[in-house]
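Chain residues, written in single-letter form:
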Amino acid sequence: GAGVSQTPSNKVTEKGKYVELRCDPISGHTALYWYRQSLGQGPEFLIYFQGTGAADDSGLPNDRFFAVRPEGSVSTLKIQRTERGDSAVYLCASSPLLAGDSYNEQFFGPGTRLTVL
Amino acid sequence: GEDVEQSLFLSVREGDSSVINCTYTDSSSTYLYWYKQEPGAGLQLLTYIFSNMDMKQDQRLTVLLNKKDKHLSLRIADTQTGDSAIYFCAESAWANSNSGYALNFGKGTSLLVTP
Chain A
1 GAGVSQTPSN KVTEKGKYVE LRCDPISGHT ALYWYRQSLG QGPEFLIYFQ
51 GTGAADDSGL PNDRFFAVRP EGSVSTLKIQ RTERGDSAVY LCASSPLLAG
101 DSYNEQFFGP GTRLTVL
Chain B
1001 GEDVEQSLFL SVREGDSSVI NCTYTDSSST YLYWYKQEPG AGLQLLTYIF
1051 SNMDMKQDQR LTVLLNKKDK HLSLRIADTQ TGDSAIYFCA ESAWANSNSG
1101 YALNFGKGTS LLVTP
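So the sequences go chain by chain: A and B. Sequential numbering from 1 applies to the first sequence in my numbering. Sequential numbering from 1001 applies to the second sequence in my numbering.
Some clues are possibly wrong.
Said to hold, decoys possible - Straight-line alpha carbon distances no greater than 27 angstroms define the calculated DSS-like cross-link-like pairs of lysine-lysine that follow:
#1 A:15 with A:78
#2 B:1107 with B:1070
#3 B:1107 with B:1036
#4 B:1068 with B:1036
#5 A:78 with A:11
#6 B:1107 with B:1056
#7 B:1107 with A:11
#8 B:1036 with A:11
#9 A:78 with B:1056
To be verified - The calculated label-pair distances, taken between Cβ atoms and stated as ranges, are:
#10 A:105 with B:1107: 18 to 26 angstroms
#11 B:1045 with A:13: 26 to 34 angstroms
#12 B:1081 with A:12: 29 to 37 angstroms
#13 A:78 with B:1071: 38 to 46 angstroms
#14 B:1015 with A:20: 46 to 54 angstroms
#15 A:52 with B:1016: 47 to 55 angstroms
#16 A:51 with B:1003: 29 to 37 angstroms
#17 A:7 with B:1015: 35 to 43 angstroms
#18 B:1014 with A:105: 27 to 35 angstroms
#19 A:28 with B:1082: 25 to 33 angstroms
#20 B:1107 with A:53: 26 to 34 angstroms
#21 B:1059 with A:3: 17 to 25 angstroms
#22 B:1052 with A:115: 38 to 46 angstroms
Simulated from the structure, these hints should not be mistaken for laboratory data. Quick reminder that beta carbons are idealized off the backbone N, C-alpha and C, glycines included.
Go ahead and model the full structure; you've got the sequences and the hints to work with.
Here it is in structure tokens:
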């Protein structure tokens, strides 16, 4: 079946602009995660959704970052007033994680490479 | 979050074994994972081990876990040029339960396999 997809694959924007990054998780996966991977680093957790609600947004770096998942499937990561330091690959992952289950195989999308000029 | 440390680079010859090492600090880690990342591709789960296990073997892959020393290793037997990629060690821990057991990754080890 289809894996996790992310659009766009590349996004170039100017400092101060607003961007939206989209994630289509695997059908039926209740858990959805956003991570950010800077050059030479491992992915860093941003936000976790269980269903429609953001269960944990403690990884969002500041209030310019926001994410939604209104129908419990597709998610959009929104970045306002982009800064050059926001340049990174933004990864989305989904998981069939059930509450209380600590084994968590996450399926990652190919990422969106964001470049802020 | 807690630290996950990996050596950054490893070069081996085709046919040799590769051993990639990882240390972690979170004593509440429940599962430890190895992911592979190839250029332009998403992260691919290679294997995982539960924290109460010492070893897991899966075809060419062997995972060793020393829970006392918080040390994890991935051995790839008969390494091929197609194994060249970045390998990430990651953990999920009880401390991360509120974040849906979000993964805490190391910086990755870049494996280069030469003919």
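Okay, the hints, checked on the actual structure:
1. A:15 with A:78: The given pair, whose Cα atoms are some 14 angstroms apart, holds under the 27 angstroms limit.
2. B:1107 with B:1070: 17 angstroms, holds
3. B:1107 with B:1036: 12 angstroms, holds
4. B:1068 with B:1036: 26 angstroms, holds
5. A:78 with A:11: Holds, at roughly 13 angstroms.
6. B:1107 with B:1056: Answer holds: residue 1107 of chain B to residue 1056 of chain B is near 23 angstroms, not above 27 angstroms.
7. B:1107 with A:11: Holds: residue 1107 of chain B and residue 11 of chain A sit about 24 angstroms apart, inside 27 angstroms.
8. B:1036 with A:11: 24 angstroms, holds
9. A:78 with B:1056: Measuring from Cα to Cα gives roughly 40 angstroms; hence the hint is violated.
10. A:105 with B:1107: 18 to 26 angstroms: 22 angstroms, holds
11. B:1045 with A:13: 26 to 34 angstroms: Since the Cβ atoms of residue 1045 of chain B and residue 13 of chain A sit about 31 angstroms apart, the hinted range of 26 to 34 angstroms holds.
12. B:1081 with A:12: 29 to 37 angstroms: 33 angstroms, holds
13. A:78 with B:1071: 38 to 46 angstroms: 40 angstroms, holds
14. B:1015 with A:20: 46 to 54 angstroms: The hint (46 to 54 angstroms, Cβ to Cβ) holds, given that residue 1015 of chain B and residue 20 of chain A are roughly 47 angstroms apart.
15. A:52 with B:1016: 47 to 55 angstroms: For residue 1016 of chain B against residue 52 of chain A, whose Cβ atoms are near 49 angstroms apart, the range 47 to 55 angstroms holds.
16. A:51 with B:1003: 29 to 37 angstroms: Holds, since residue 51 of chain A and residue 1003 of chain B (Cβ atoms, about 31 angstroms apart) stay within the stated range.
17. A:7 with B:1015: 35 to 43 angstroms: At roughly 40 angstroms between Cβ atoms, residue 1015 of chain B and residue 7 of chain A fall inside 35 to 43 angstroms, so the hint holds.
18. B:1014 with A:105: 27 to 35 angstroms: Roughly 30 angstroms apart at Cβ, these two residues keep to the hinted range, so it holds.
19. A:28 with B:1082: 25 to 33 angstroms: Because 31 angstroms falls inside the window, the suggested range holds.
20. B:1107 with A:53: 26 to 34 angstroms: Holds - the Cβ-Cβ distance for residue 1107 of chain B and residue 53 of chain A, about 31 angstroms, lies within 26 to 34 angstroms.
21. B:1059 with A:3: 17 to 25 angstroms: 22 angstroms, holds
22. B:1052 with A:115: 38 to 46 angstroms: Taking Cβ atoms as reference, residue 1052 of chain B and residue 115 of chain A lie about 44 angstroms apart, which means the hint holds.
Hint 9 alone, counting from the list given before, is not met by this structure.
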